[in-house]
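**Student:** Each chain, letter by letter, is given below.
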Amino acid sequence: MSEPAHHTPFPSAGNISDAEREDLRRHGILISSLEELYGWGRSNSIWPLQFGLACCAIEMIAAATARFDIARFGAEIFRPSPRQADLMIVSGTVTKKMAPQVVRLWNQMPEPKYCIAMGACAISGGPFKQGYNVLKGIDRFIPVDIYIPGCPPRPEALLHGLTQLQDKIRAERISGPQAARHLQPDAASEFPVPDFGAHDLQPPSNPNLFTAPVLPRKA
Amino acid sequence: MHDEFHGDLLEVSMGPQHPSTHGVFRMVVTLDGEQIVKLKPVFGYLHRNHEKIAESTSYLGSMPYTDRLDYLCSMSTNWAYALAVEKLSGQAVPDRAQYLRIIMAELTRLVNHSCLVGFLFNDLGTSFTPLLYAFREREKILDLFESLSGSRMMCNYQRFGGCRVDPSPEWLAAARTLVEGFPRFLDEYETMLTGNEIMLARTQGVGRLDPAHAVNAGITGPVLRASGVGYDLRKVDGYGFYPRFDFRVPLGEHGDTYDRYMMRILEMRESVKILQQAFRDLPAGPVMDPKAKLRGFRPKAGEAYGRLEGPKGELGFYLISDGSPNPWRYRVRPPSLINLTLLEEMCLGHTIADAVVILGSIDIVLGEVDR
Amino acid sequence: METPEQIRDRLLARFPAAKVELVTNPGTAAEHSLLLDAAHARDIALFLRDDPALRLDYCSNVTGVDWPEKKTAVSAPKTAVPTLVERVDPNALPGTPAPASALGSTRSTPANDSGNYLEAVYHLYSMALKHGPVIIRLRTGNRTDRVTLPSLTPVWRAADFQEREIFDLYGIVFAGHPDLRRLLMWDEFQDHPMRRDYVAPDDFEWEPTPHGDVHERAKGHYPTTEGLKG
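Chains as they are written, first to last, in this note's numbering: chain A, 1 to 219; chain G, 1001 to 1371; chain R, 2001 to 2230.
Since the hints were made in silico from the structure, they are not lab data. Among these hints, one or two may not hold up.
Covered stretches of chain G (in silico footprint by chain A; criterion: 3 or more residues with CB under 8 Å from a CB of chain A, positions within the stretch not fixed) [unchecked claim]:
1) 1041-1053
2) 1068-1080
3) 1134-1141
4) 1151-1163
Derived CB-CB ranges, DEER-like [unchecked claim]:
5) A:Lys168 to G:Val1165: 39 to 45 Å
6) G:Gly1349 to R:Pro2201: 39 to 45 Å
7) G:Arg1295 to A:Pro207: 38 to 44 Å
8) G:Leu1009 to A:Asp167: 47 to 53 Å
9) G:Ser1013 to A:Glu76: 24 to 30 Å
Ideal placement from N, C-alpha and C gives every residue a C-beta, glycine not left out.
Generate coordinates for the entire structure from the input sequences, incorporating the hints supplied.
**Tutor:** Here it is as structure tokens:
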């Protein structure tokens, strides 16, 4: 399969250009690639983990209720068990006491799996960043696909984040060097769970995933 | 325990990730078959160091953090903090602001209780349906909060010496319409839920709490009143302008889960009455005391404990000032945490499925339990 | 309800050996409190709960307060090593003697004395008679090794989780508490983070805030910030 020159959410099928494909589609002939079909199917049936941490979880529930109706995007099946879930929405402050549990849940989820960091706390610690028991961003321990800022983000923002994730899933390749993470045999799927130390988590972050940003300082 | 009918005891760790623990609460339950013989709650999974952060933040700077304590009821948490600071500094509050505070607090009570009932029925296995009704009403009230304060959940509306913005006549008219329509929602809700046979079988006589133990354990709010103890700070302390209002405090008889459910329904009906009176009597005038100082606020040295009747129970703030811009000690008295003191006693002898329902009827929010 | 002075006089008449002092509150709230000595605290608490005129059957709020020595209390915390409390046997005798300086009859607010103790503050109300609050305080001998206070959980069950929280965050050991474990932090944790001299493990990036002491702390954490003027 040749590599398409452009990076639209729908990679073109084979050597047929998008214009030709549209032309055929108008005549009632659908041409698709396995890659496209695979991404289309996966992106429209994301099952999130029913996993609420703090304030943002209430907005996550609100996104599932009638007014916002996350079911329109095929993601209404909240699974209480990580074994059945595709998407972990880290909705709220991750404390140091909770962080090992979050990593463990992530490890229990089968591939392909995705992570949304919902809200300022999950991204960076947010307003509670100074806290001694607050993890300064869940991306210190697990890889995050989509960040949704806000405190808390509105349900619409969560829906927007979900559609962004759908675009990301649809753009994933089946093979080649740019293949999706779950199709690369060497890519890490499980991450080390931190231990409770005497003063802090051990280690305080996963060095393979996270390095502290270099801060610009005035001379 | 080890005879032919009893096997080994089984220890189950429920949570911190569990669909029915209302967040990241954890219970370590010891089971004999399905029966609970021991239950130890484990806290701290949402310990966000609110009190420590507040010690290095200005008095005003802590106000947004109070929103995130009990994130379903930010308006009444705001008020509790403002009440404590006003007590600390002797700050007066204009009449119109007092009425607005009561309006916001009672609207919050409606949000909290209707959602709680929805969550309680989720725990009973109704799979989301009552919650959809509750969230429909919640969205209407949240729209009001948003148009007034700028945020759906984190309103940050109260200030020391009044309220931040004055609602427009249109806002008041919309709020009034909502309150007039609320009893219809309650009737619909009750038709669906109150007489339900499964609900009666699962809640009556389950999780009894006797009044003497409840008082000694510091249980407050609807959970206490379901056991028949008439202690409502709106009546006892008469903070704000509550003494001007005509309302009743419903009391339960049995102290079981069913009574705790009914407390919420009856309190919502009383809240509607309070709201109607508040809209009727709302005076004109400023919403902030012109002498109130927000920035560079330094109360003189001393301490104060301010408390009010939050939707979950007695919510108190204990502040010690040393005369500096930051409080020396900032303490939240969390009703959710203290109401859990007797969880084990309430659950003993019941099945594990009942423990979930009993926990749901206590009404906790983890942001407040762990702070 | 009786004034705190009247309650103090009644307590002194009832418990001649006890030391009960009035701690005045200079703030507008003017809620004065009673400082009890640890040895008699349990008996006095029982008396307050069961006395027919008071009937303080409801312990609303239990707070820990840290009062380091005055000189460290006024300046911002330096990058000191966190003070660790050696665990004291919870079954040891309840009752550390009050410091000699605390033996006056009436004293002002704790902010004005020399400090160097931990304090537990109990707000008591009566649900039966609907009055309150009566505020009682207990103080430890110092902040390092004499940190045992008698637990009032046997008197008011409401103090159960709150005393555990104080044990966790301040390191006061409540003798006679039925289940004294850390409440919020994990069991392996060794510090008492609500103490004023606790330094959090340095793992958050510096970011500008308008708060002066955050700046000060940031400077302590980052030795190479000479240019940091805020």
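**Student:** Any of the earlier hints contradicted here, and which numbers?
**Tutor:** none
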